[in-house]
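S.K.: The listed protein sequences correspond, in order, to chains A and B.
If you use numbering that gives the first Met the number 0, the first sequence corresponds to residues 0 to 427, in order.
If you use numbering that gives the first Met the number 0, the second sequence corresponds to residues 0 to 288, in order.
Careful, some of the hints might be misleading.
Below are the DSS-like pairs computed for lysine-lysine, each with C-alpha atoms no more than 30 Å apart in a straight line [said to hold, decoys possible]:
| no. | chain 1 | residue 1 | chain 2 | residue 2 |
| --- | --- | --- | --- | --- |
| 1 | A | K337 | A | K320 |
| 2 | B | K131 | A | K178 |
| 3 | B | K131 | A | K265 |
| 4 | B | K131 | A | K185 |
| 5 | A | K317 | A | K76 |
| 6 | A | K424 | B | K131 |
| 7 | B | K131 | A | K317 |
| 8 | B | K52 | A | K314 |
| 9 | A | K228 | B | K131 |
| 10 | A | K187 | B | K131 |
| 11 | A | K317 | A | K140 |
| 12 | A | K307 | A | K31 |
| 13 | A | K31 | A | K125 |
| 14 | A | K194 | B | K131 |
| 15 | A | K265 | B | K52 |
| 16 | B | K131 | A | K393 |
| 17 | A | K228 | B | K52 |
| 18 | B | K52 | A | K425 |
| 19 | B | K131 | A | K414 |
| 20 | A | K320 | B | K131 |
| 21 | A | K179 | B | K131 |
| 22 | A | K371 | A | K393 |
| 23 | B | K52 | A | K393 |
| 24 | A | K426 | B | K131 |
It is worth saying that the hints were derived from the structure and are not from the lab.
Since we're looking at a predicted model, the values are computed, not measured.
So you can see what is in the structure, the chains are spelled out below.
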Amino acid sequence: MMQFLGKVGAVLLGLALVLAVCLPVGAVEPIKIGVLGPMSFTQGEGHWNGASMAADEINKAGGIKVGAQARPIELVKVDTNEFLSVPDATNAIEMAISRYNVDFLVGGFRTEAVMVMQDIAMDAKKIFIGCGAAHPELCTKVTKDYDRYKYWFRLTPINSKFLGKVDFILLGTVGAIMKKTLGIEKIKVAIVAEKAAWADPIVGIAQKLLPAKMGMEVVGVWRPSPVAKDCTAELAAIQRAGAHIVFTTFSSSVGLTFAKQMGELKVPAVAVGINVESQKSGFWEATGGNGNYAVTINTYARVEITPKTIPFYDKYVKLYKEAPNYTAGTYDALYILKEAVEKAGSVNSDKVLPFLEKTDYIDTAGRVVFDKSHDVTWGPEYVTSIGTQWQDGKIQCIWPYHWEKVFYKGTVPFKMPPWVVEYYKKKK
Amino acid sequence: MIIDIIIDGLIKGSVYALLAIGFSLVLGVARIINIAHTALYMTAAYFIYIGTKLMGLPAPVAMLAAIMLTVVLGLLIYNFFIRPIQEHEAAVLIATIAVAMMIQEVFLMTFGGHYLGVSPLIDGYATFLGVKVTYQHLLALGLALVVLLATRLFLQKTRLGLAIRSTAQDREVANLMGMNVTRVAMGTMAVSVGMAAITGAIVVPLVTVEPTMWMHPLIMMLAIVVLGGLGSIEGSFVGAFILGFAESLVVFLVPMGSFLKDSVALSIMILVLLIRPEGLFGVSFEEER
Numbered sequence: 000m001m002q003f004l005g006k007v008g009a010v011l012l013g014l015a016l017v018l019a020v021c022l023p024v025g026a027v028e029p030i031k032i033g034v035l036g037p038m039s040f041t042q043g044e045g046h047w048n049g050a051s052m053a054a055d056e057i058n059k060a061g062g063i064k065v066g067a068q069a070r071p072i073e074l075v076k077v078d079t080n081e082f083l084s085v086p087d088a089t090n091a092i093e094m095a096i097s098r099y100n101v102d103f104l105v106g107g108f109r110t111e112a113v114m115v116m117q118d119i120a121m122d123a124k125k126i127f128i129g130c131g132a133a134h135p136e137l138c139t140k141v142t143k144d145y146d147r148y149k150y151w152f153r154l155t156p157i158n159s160k161f162l163g164k165v166d167f168i169l170l171g172t173v174g175a176i177m178k179k180t181l182g183i184e185k186i187k188v189a190i191v192a193e194k195a196a197w198a199d200p201i202v203g204i205a206q207k208l209l210p211a212k213m214g215m216e217v218v219g220v221w222r223p224s225p226v227a228k229d230c231t232a233e234l235a236a237i238q239r240a241g242a243h244i245v246f247t248t249f250s251s252s253v254g255l256t257f258a259k260q261m262g263e264l265k266v267p268a269v270a271v272g273i274n275v276e277s278q279k280s281g282f283w284e285a286t287g288g289n290g291n292y293a294v295t296i297n298t299y300a301r302v303e304i305t306p307k308t309i310p311f312y313d314k315y316v317k318l319y320k321e322a323p324n325y326t327a328g329t330y331d332a333l334y335i336l337k338e339a340v341e342k343a344g345s346v347n348s349d350k351v352l353p354f355l356e357k358t359d360y361i362d363t364a365g366r367v368v369f370d371k372s373h374d375v376t377w378g379p380e381y382v383t384s385i386g387t388q389w390q391d392g393k394i395q396c397i398w399p400y401h402w403e404k405v406f407y408k409g410t411v412p413f414k415m416p417p418w419v420v421e422y423y424k425k426k427k
Numbered sequence: 000m001i002i003d004i005i006i007d008g009l010i011k012g013s014v015y016a017l018l019a020i021g022f023s024l025v026l027g028v029a030r031i032i033n034i035a036h037t038a039l040y041m042t043a044a045y046f047i048y049i050g051t052k053l054m055g056l057p058a059p060v061a062m063l064a065a066i067m068l069t070v071v072l073g074l075l076i077y078n079f080f081i082r083p084i085q086e087h088e089a090a091v092l093i094a095t096i097a098v099a100m101m102i103q104e105v106f107l108m109t110f111g112g113h114y115l116g117v118s119p120l121i122d123g124y125a126t127f128l129g130v131k132v133t134y135q136h137l138l139a140l141g142l143a144l145v146v147l148l149a150t151r152l153f154l155q156k157t158r159l160g161l162a163i164r165s166t167a168q169d170r171e172v173a174n175l176m177g178m179n180v181t182r183v184a185m186g187t188m189a190v191s192v193g194m195a196a197i198t199g200a201i202v203v204p205l206v207t208v209e210p211t212m213w214m215h216p217l218i219m220m221l222a223i224v225v226l227g228g229l230g231s232i233e234g235s236f237v238g239a240f241i242l243g244f245a246e247s248l249v250v251f252l253v254p255m256g257s258f259l260k261d262s263v264a265l266s267i268m269i270l271v272l273l274i275r276p277e278g279l280f281g282v283s284f285e286e287e288r
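In isolation and in its complexed conformation, chain A is listed as follows:
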């Protein structure tokens, strides 16, 4: 009998030891971060992938130190479905806050949806780092009504005012190269912008600025639908107008259609501007390689913007088999949050806020310093954004190219489409 009891005792002791090793005493509560995005679409995938990468790295390194305790990150995937239905975004953020009790929020894509989500997050006093919408109003709200909107910060992309600035710098750069190499006296520009509210100011400014300040001639303005499936008629008209440059403003699928058909028809002009579709890896395959030489503003390329850019880019490509798009800036958002939380020693929004406002952090896209409106500072030495061009199947960084003393290692010169060179040589 004693022998039997001894055996039972030994088994129980063994079990207790195993449990003691496996179960931590007083399980540590994770820090919950809601990742908001249209998860069935590339932008949402970018949000989720970037955040997942950062959360894995931070957790493997021990988590976020809050006071004496190291707490892991738990991501909550919140599908805002912004592409198909803006009201869905409202429900999604409500659910993230009330049901999942998230501590912080990152992501968002469409300005219309983010505006609404921003209000809900602010009322709930949740810090929300925007990684997708570009409208300046999202940040001017902070300066207009600080007490309510102070929990909002924008990390990526740069706001549309600066996007516009880079847009015109790219146009001017390509125009100057064309003038010099092809001997064109006056550059003729066709303005092609999808019919969307965000594109209207760019069209208006371009119509005035190009002839008045940049010495270029505007040969026409075309406004196709954002979801147009055929642009051959527009391209025929543009070619007829004799444009040397097509100044594009596209965020939707029309950018893909336009670039594909422009390449197929070998239109003797260079496409420069904003073409969100051409920022994605899938662009090459979707255009069957016809999108070659398209130039767009971008956030990432395999170029040394900071020492963190290439390792991030390579790891992202290895994990997700595609290049990161700008919504993958959630990666940096998590690290910036980590730094502020660790300095504050708390996850309480009001305690984290002052440290977030003092952020001076080198991330994968540049040096992040938030301005008074909690917007990311743009310019040399800060975040500049980049200009990229598709060159034979690769997204290459072509700008800044010794602009304001800024040059990122790995940047290559702009390449003129060979059929454009050929066309103008024959014309001579």
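With chain A fixed as given, assemble chain B onto it according to the hints.
M.R.: What follows is chain B alone, placed relative to chain A:
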């Protein structure tokens, strides 16, 4: 510019005609307003993407397989979702909207909202009087015209074609004359879905494959059948070219308003409904009610 408009209008018109005629056939014969028609066109496009890009099949094989699979899917939809409620036109309309949404959701869940593309069968372009047209567009135009001609011959020269035409003209009388109207309807459904799938195959190298690609052609197709006259095959043919040319005219004459292409089509449809509700080649169903 006139040459631009003619070439562009012809290409657009012939593709729209293929879709609208398929839709009209099944509407005229079985009184089925099949909103899922363009969703099936999208299905064929996705099947071709799967065949060529994911399975590495040669494009013609993938296209043939896609057309056949889409027809089978169309017949399954007809059997399970349409036939049980066929007598209730409004219910059929709602059911086919639901089917179209289901198809969209399936592709959205499977492929996400990514914009996909299929390589053209022929690269390069030709120049006619200074206007560049890709060989793929010319091929699409040629194929569309061949399919339209084949459909016409099928309707004129075959027994099923005769049955379809007679049922389309007067369903009640055809039924009284001993024709199996349900079987004719099923045959028509197969032909109709086949035309949608062929359009998908013709168009897929020209467009972006994505889960909402069925919506724009649906709007255009509805505008065309209203313009041509509900259920009228000739009307759909003429209506398709009118709207195809209208689109081209808008782009060439109002470049700042090229986004208005769809609105112009819808405005023409509303005008027709106000002035001549039976359309250009009106087929009246009134006597059957």
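S.K.: Determine for every hint whether it applies to the structure shown.
M.R.: To see whether the hints hold, each was checked on the structure:
no.	hint	result
1	K337(A) / K320(A)	27 Å, holds
2	K131(B) / K178(A)	26 Å, holds
3	K131(B) / K265(A)	9 Å, holds
4	K131(B) / K185(A)	25 Å, holds
5	K317(A) / K76(A)	22 Å, holds
6	K424(A) / K131(B)	20 Å, holds
7	K131(B) / K317(A)	41 Å, violated
8	K52(B) / K314(A)	26 Å, holds
9	K228(A) / K131(B)	18 Å, holds
10	K187(A) / K131(B)	20 Å, holds
11	K317(A) / K140(A)	39 Å, violated
12	K307(A) / K31(A)	25 Å, holds
13	K31(A) / K125(A)	12 Å, holds
14	K194(A) / K131(B)	25 Å, holds
15	K265(A) / K52(B)	25 Å, holds
16	K131(B) / K393(A)	28 Å, holds
17	K228(A) / K52(B)	21 Å, holds
18	K52(B) / K425(A)	38 Å, violated
19	K131(B) / K414(A)	24 Å, holds
20	K320(A) / K131(B)	36 Å, violated
21	K179(A) / K131(B)	28 Å, holds
22	K371(A) / K393(A)	38 Å, violated
23	K52(B) / K393(A)	20 Å, holds
24	K426(A) / K131(B)	18 Å, holds
The earlier numbered hints that this structure contradicts are 7, 11, 18, 20 and 22.
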